[in-house]
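Counting from 1 along the sequence shown, just add 32 to a position and that's the residue number in the numbering used here.
In case anyone wonders, no lab produced these hints; they're calculated from the structure. Warning: the hint list may mix true and false statements.
Subject to a maximum C-alpha distance of 20 Å in a straight line, what follows is the list of computed EDC-like cross-link-like pairs (lysine to aspartate or glutamate) [said to hold, decoys possible]:
#1 Lys194 to Asp122
#2 Lys162 to Glu205
#3 Lys166 to Asp122
#4 Lys182 to Glu196
#5 Lys182 to Glu171
#6 Lys191 to Glu219
The following label-pair restraints were derived from C-beta to C-beta distances [unchecked claim]:
#7 Ile48 to Trp74: 14 to 24 Å
#8 Ala96 to Gln202: 53 to 63 Å
#9 Ile144 to Asp167: 21 to 31 Å
#10 Glu105 to Ile212: 48 to 58 Å
#11 Thr71 to Gly91: 23 to 33 Å
#12 Gln146 to Lys108: 48 to 58 Å
Even for Gly, the Cβ is constructed at its ideal location relative to N, Cα and C.
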Amino acid sequence: MKYLKANWLSIIAIAISAISLCSSFIRCEPFIFTDQLLTWIWTGAIGIIGIASAIALGGQIYSAMTIDKRINERIKTLQDQLAIKIMELDDKSFHATYSMSMYVMGQYKALIMQYSDTLNCFVQAIKHAKIAKKDQLCEIYSNQILNFLKKNRNVEDFKISKDEKIQYIQDLENIPNSSIIIHFILELPTL
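Model the full assembly from the supplied sequences, consistent with the hints where possible.
Written out as structure tokens, the structure is:
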């Protein structure tokens, strides 16, 4: 029933075309092979053209009625994909920004000689740079943390807990110089 309501104009056009084609075959006068044959052929051709135009009109009406639904579905799909991409980029941007802030904070902590906090900030910077997939930042931070550990590994106040060591080792996997950095972290005194 819903189909009939949606396509009533197409159905009427097809019915009229079918009636016109059938009426072209029903003649009240006898069929004679003279110039009436030409009239009969023209009448049949007009009926066939009427059916073809009704089918074309019906197809256009059906297409016009369903294209909105298809366009809306496609737009919805594209909106969903775009929203996912925006969320991914927003997440990467957040992690990259947080990574930079932790790196700057680590440099500040190094200046005021809070070595455990400096190491924590640098490790957090590397962790978030990995999440943001910023390989250049990971390389810069890993070189910075390596230089920091080489320079300050023998400082008396530089102690970290066993849990922190485990967490740092997990966070520093798969970065440049990770084995050397992990070796230095394992050598640090434990609280």
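Hints the structure fails to honour:
Hint 1 is the one this structure does not satisfy, whereas the remaining hints hold.
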